[in-house]
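Letter by letter, the chains look like this.
Number of protein chains: 2
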Amino acid sequence: MREYAKDYRSIAAEKQRQRQSKIPKDWLIDAQKYGEATNLLQVPVTCGILDGVEREITSNYDATALSEKIRQGVWSVEQVTVAFCKRAAIAHQLTNCLTEIFFDEAIERARQLDLEQREDPNCKALRPLYGLPISLKDSFQVVGQDTSTGLACFVKKPADQNSALAALLLDLGAILYCKTNLPQTIMTGDSDNNVFGRTLNPHNTALTAGGSTGGEGALIALRGSLLGVGTDIAGSIRIPSLCNGIYGVRGSVGVVPHSGVRDLAVPGTDGVRSAAGPMATSLRDCRLFMKAVMESETWRYDSAVVSVPWRNLQVKEKLRVGLVEDNGIHTPSPPIRRGLNKATQLLQRSNDIEIVPLKLPSIKEIYQDLFQYMAPLGTEHYSELFNRTGEPAIPSVDTIGLMSVEGTTLRGFFEMNARREEAAKKYLQLFCDNRIDAIMMPVAAHTAVPWDRWANATYTGLWNYLDYPAVVIPVDKVGETDLADDVVHAKYGPEDANLYRLYTGPELYRDAPIAVQVIGYRQMDEALINTAIFADSIINGKE
Amino acid sequence: MREYAKDYRSIAAEKQRQRQSKIPKDWLIDAQKYGEATNLLQVPVTCGILDGVEREITSNYDATALSEKIRQGVWSVEQVTVAFCKRAAIAHQLTNCLTEIFFDEAIERARQLDLEQREDPNCKALRPLYGLPISLKDSFQVVGQDTSTGLACFVKKPADQNSALAALLLDLGAILYCKTNLPQTIMTGDSDNNVFGRTLNPHNTALTAGGSTGGEGALIALRGSLLGVGTDIAGSIRIPSLCNGIYGVRGSVGVVPHSGVRDLAVPGTDGVRSAAGPMATSLRDCRLFMKAVMESETWRYDSAVVSVPWRNLQVKEKLRVGLVEDNGIHTPSPPIRRGLNKATQLLQRSNDIEIVPLKLPSIKEIYQDLFQYMAPLGTEHYSELFNRTGEPAIPSVDTIGLMSVEGTTLRGFFEMNARREEAAKKYLQLFCDNRIDAIMMPVAAHTAVPWDRWANATYTGLWNYLDYPAVVIPVDKVGETDLADDVVHAKYGPEDANLYRLYTGPELYRDAPIAVQVIGYRQMDEALINTAIFADSIINGKE
Numbered sequence: 001m002r003e004y005a006k007d008y009r010s011i012a013a014e015k016q017r018q019r020q021s022k023i024p025k026d027w028l029i030d031a032q033k034y035g036e037a038t039n040l041l042q043v044p045v046t047c048g049i050l051d052g053v054e055r056e057i058t059s060n061y062d063a064t065a066l067s068e069k070i071r072q073g074v075w076s077v078e079q080v081t082v083a084f085c086k087r088a089a090i091a092h093q094l095t096n097c098l099t100e101i102f103f104d105e106a107i108e109r110a111r112q113l114d115l116e117q118r119e120d121p122n123c124k125a126l127r128p129l130y131g132l133p134i135s136l137k138d139s140f141q142v143v144g145q146d147t148s149t150g151l152a153c154f155v156k157k158p159a160d161q162n163s164a165l166a167a168l169l170l171d172l173g174a175i176l177y178c179k180t181n182l183p184q185t186i187m188t189g190d191s192d193n194n195v196f197g198r199t200l201n202p203h204n205t206a207l208t209a210g211g212s213t214g215g216e217g218a219l220i221a222l223r224g225s226l227l228g229v230g231t232d233i234a235g236s237i238r239i240p241s242l243c244n245g246i247y248g249v250r251g252s253v254g255v256v257p258h259s260g261v262r263d264l265a266v267p268g269t270d271g272v273r274s275a276a277g278p279m280a281t282s283l284r285d286c287r288l289f290m291k292a293v294m295e296s297e298t299w300r301y302d303s304a305v306v307s308v309p310w311r312n313l314q315v316k317e318k319l320r321v322g323l324v325e326d327n328g329i330h331t332p333s334p335p336i337r338r339g340l341n342k343a344t345q346l347l348q349r350s351n352d353i354e355i356v357p358l359k360l361p362s363i364k365e366i367y368q369d370l371f372q373y374m375a376p377l378g379t380e381h382y383s384e385l386f387n388r389t390g391e392p393a394i395p396s397v398d399t400i401g402l403m404s405v406e407g408t409t410l411r412g413f414f415e416m417n418a419r420r421e422e423a424a425k426k427y428l429q430l431f432c433d434n435r436i437d438a439i440m441m442p443v444a445a446h447t448a449v450p451w452d453r454w455a456n457a458t459y460t461g462l463w464n465y466l467d468y469p470a471v472v473i474p475v476d477k478v479g480e481t482d483l484a485d486d487v488v489h490a491k492y493g494p495e496d497a498n499l500y501r502l503y504t505g506p507e508l509y510r511d512a513p514i515a516v517q518v519i520g521y522r523q524m525d526e527a528l529i530n531t532a533i534f535a536d537s538i539i540n541g542k543e
Numbered sequence: 001m002r003e004y005a006k007d008y009r010s011i012a013a014e015k016q017r018q019r020q021s022k023i024p025k026d027w028l029i030d031a032q033k034y035g036e037a038t039n040l041l042q043v044p045v046t047c048g049i050l051d052g053v054e055r056e057i058t059s060n061y062d063a064t065a066l067s068e069k070i071r072q073g074v075w076s077v078e079q080v081t082v083a084f085c086k087r088a089a090i091a092h093q094l095t096n097c098l099t100e101i102f103f104d105e106a107i108e109r110a111r112q113l114d115l116e117q118r119e120d121p122n123c124k125a126l127r128p129l130y131g132l133p134i135s136l137k138d139s140f141q142v143v144g145q146d147t148s149t150g151l152a153c154f155v156k157k158p159a160d161q162n163s164a165l166a167a168l169l170l171d172l173g174a175i176l177y178c179k180t181n182l183p184q185t186i187m188t189g190d191s192d193n194n195v196f197g198r199t200l201n202p203h204n205t206a207l208t209a210g211g212s213t214g215g216e217g218a219l220i221a222l223r224g225s226l227l228g229v230g231t232d233i234a235g236s237i238r239i240p241s242l243c244n245g246i247y248g249v250r251g252s253v254g255v256v257p258h259s260g261v262r263d264l265a266v267p268g269t270d271g272v273r274s275a276a277g278p279m280a281t282s283l284r285d286c287r288l289f290m291k292a293v294m295e296s297e298t299w300r301y302d303s304a305v306v307s308v309p310w311r312n313l314q315v316k317e318k319l320r321v322g323l324v325e326d327n328g329i330h331t332p333s334p335p336i337r338r339g340l341n342k343a344t345q346l347l348q349r350s351n352d353i354e355i356v357p358l359k360l361p362s363i364k365e366i367y368q369d370l371f372q373y374m375a376p377l378g379t380e381h382y383s384e385l386f387n388r389t390g391e392p393a394i395p396s397v398d399t400i401g402l403m404s405v406e407g408t409t410l411r412g413f414f415e416m417n418a419r420r421e422e423a424a425k426k427y428l429q430l431f432c433d434n435r436i437d438a439i440m441m442p443v444a445a446h447t448a449v450p451w452d453r454w455a456n457a458t459y460t461g462l463w464n465y466l467d468y469p470a471v472v473i474p475v476d477k478v479g480e481t482d483l484a485d486d487v488v489h490a491k492y493g494p495e496d497a498n499l500y501r502l503y504t505g506p507e508l509y510r511d512a513p514i515a516v517q518v519i520g521y522r523q524m525d526e527a528l529i530n531t532a533i534f535a536d537s538i539i540n541g542k543e
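Chains W and A, in that order, give the protein sequences.
Heads up: the first sequence is residues 1 to 543, going by full-length UniProt numbering.
Heads up: the second sequence is residues 1 to 543, going by full-length UniProt numbering.
Bound conformation, chain W alone (with noise of 0.2 Å):
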């Protein structure tokens, strides 16, 4: 058996530990309490941590209007970090979400930003995100935390740089608190890695968090963050979303600064690239987020990133939307064809929307060379870093087939590239044909599965292989009345046979988040949350 500098168990361990020492001894709950339930979504308000005060805080505002009460002098700085340190150590402890803590480095931050706020009042006038904690997925780099991503070769080496947009977030003025946790390879459904563990949803925690950004979905789902960044390059912001029954954005590559994010892939692996976006409990907030980095100068941060201003456009008053019943490669489950058909009826109600039923092309051959661009070099990079302290790689790896990635040749590697640029124009031409604003579809066949069952990306990674943006809209949730309905339902073959037996009714599903995603045109990430806003207001009776 081959030794290694240091087994990954004893990493795992030391970092764990490390992890544990960061939540203060007043804030630690009785986590036996909760072991028998599996809906964990009301324990932050139940279980005494937090005072009326930051209860207070924390449940009754998003991010929004939560930046209104700073800005009017309600609570200070302090108070709103305090308030959500805790509430996150709370979601911790529950969901096992968080990766990097770093509760007293946001607090001191945020005294300063009180303490500046008291000499010079229009200091925070300047600063979209005057105040607001925020949370990042792992792989974002923050200064003197690691960004491990959950590899084991990664921990113990803290970044000595932020990422451009960490940079970016805290000169517009937010507060960084906290990173969460991702799959190993940040490529699977499941946020499950050899060194923090698994993160549970806490709607079911028989399901899965979703990945790649599953331990901000959880963390978002029980308001321990109001706004937290995660990245997607095939479906890792929109999946947790759905599992997670929260608003996610997908935007447009490098409308979000990406550069220094910790990519696994080989450098310089290009084709299909990762867009990073917000996740959050209101889609104003989303918009709060992009219109704050899209009205900075982002090129100043990273030089790789496209620079889309926001453009304060108007909102359409007449919207045109295309409804994607199923991908027809998977056919969506009985929650997911409910929660479609709920939010299609709603928005048929409204005269200010017209719904016009379309078929997607390609969707089986796209999918394919997705899949191949996830990487074309194959997979021993990955192999690589697992061996380098002898971790396994974890089951959702496997269930995806990962590992069993051949990579392609250059001449290979352009003849997908040309493909897609084909699509691309195909694809174009659907939506101008048709004359429609955005898609409204499934985020997946499914809502969330039990763990490490979440096998494809097939209704996500369609738009990064085209690079249209998306968001994700909370619907519904797994009832009483979501029967399980028999097999022959499954269109698509014996692979779409197995997906759709996943669904076995409310009794496992219970309180699984439903969604939909609303997609729209490449680059016009405003124009499309302009729209998704219209729609989630039709649909939730928000904003």
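A couple of the hints might just be wrong.
Identical chains blur together in the list; that is why a pair holds if it fits in one copy or across any two.
Claimed, not checked - With a cut-off of at most 27 Å between alpha-carbon atoms, the simulated BS3-like pairs for lysine-lysine come out as follows:
1. K316 - K291
2. K425 - K157
3. K22 - K291
4. K426 - K157
5. K156 - K425
6. K25 - K426
For the record, the hints were derived by calculation from the structure and aren't laboratory data.
Got chain W; can you put chain A on it based on the hints?
Okay, now just chain A, sitting in the frame of chain W:
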């Protein structure tokens, strides 16, 4: 000896006859009369083909001023179109600058626009390029016209679709009337090919018209067009702009729609992408073009655009300009040094511009990689195209060594990408640390050189590699005082010395234009154009 379906010579002969037939008899000049002259700039107004109004229309305005006259109804669109068709015909007979001639279609469209205008006087208000004749590099597809790019194998295959930009320009009100010459392979500094032959430089016919957009360069220098469109992957807009003493803008990749431009690269080749941009007799015409394009919905025309809108940015009143005197591998020739000094001194006299001397890092390594990016799979695809009709490579293809580029692997390609990402960070830092708005530097180490001697693009290619926008501003012309100096002044070794020796003094180089290029931040095309217009107003006393 191999038998070809058809030999390139017969294809070229037939194509040239057809082209010649597109010029009305009344517009033919006695070309022999000008066989001895090297400077042809005055011939269009002295040859007797243009009447007084046509001379006025084509000689005394830039496109911006002419557009105003058209809107005022001083001249009909037909009058303007006929005048430019005539003058383009003259320019072509002098320099062989045109490939496809479609004057009839253009004049027919002009009549239609005039008719529409009579019926609805407001129709022109909405179209920013209303009634303006615009010429296109041959590689842009125009319905009904060949897109041979000077390759015999592509002759007699008329396009059934417009390039995205051609479609957009028509929708913006422009008149398309001709396409222009370029080098075989679209990769050299000499616009020469086996189908159409060589374009001459109207300033000095002993020198190259530059490439690859050399036909536009010659045509615009002779005012056979006021506004043309080129493409630039290593300098192909800027080199002919320098050689022909005109303005040219290499936009950032994707800002000006580029889809449907014939690209001889293997389909799907990515890495360094070609960018389109305007060439004109004034910089404000380049702005007119860029503003019109960037204000339109380019993303509806082209699935590959980068949606950076025109923002009507405030023009900065104080500028910091980085001055790069040479690029560290090729020593500028005496006229280039004089031109840059002249521009620098003029700018320094302004209270509003601060000059910051700069050195550019890593040019040699960057240029090596750029050259590999031009043909990552090697150059067999060119040979294959040549072989279809038995045509040989043109001399300038040998000069640049294109056919000896060997392919790389997918891993090698990603390694190049990774080096480029690092270079991009370094260069952004150079710009930001020095707080510069732009860099000013030579366009090449030399002016236009004798035929088939243009050997590299080390001054221009850098900005394609990094995707920074760049503007060419003419500064002066070679005159009596521009003596050659000793080769000891060549600082960078034998290859530099060979290049340096090319400049033999004002006898051979008489009237060769001298220019500078001004480079701005990636995708900040609008801000760069503002900066360049300001610099131009000081250097050339224009707007």
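Hints versus structure:
no., hint, verdict
1, K316 - K291, "both (18 Å within a copy, 24 Å between copies)"
2, K425 - K157, "between (44 Å within a copy, 22 Å between copies)"
3, K22 - K291, "neither (33 Å within a copy, 54 Å between copies)"
4, K426 - K157, "between (45 Å within a copy, 24 Å between copies)"
5, K156 - K425, "between (46 Å within a copy, 26 Å between copies)"
6, K25 - K426, "neither (58 Å within a copy, 45 Å between copies)"
Comparing the model with each numbered hint stated earlier shows that hints 3, 6 do not hold.
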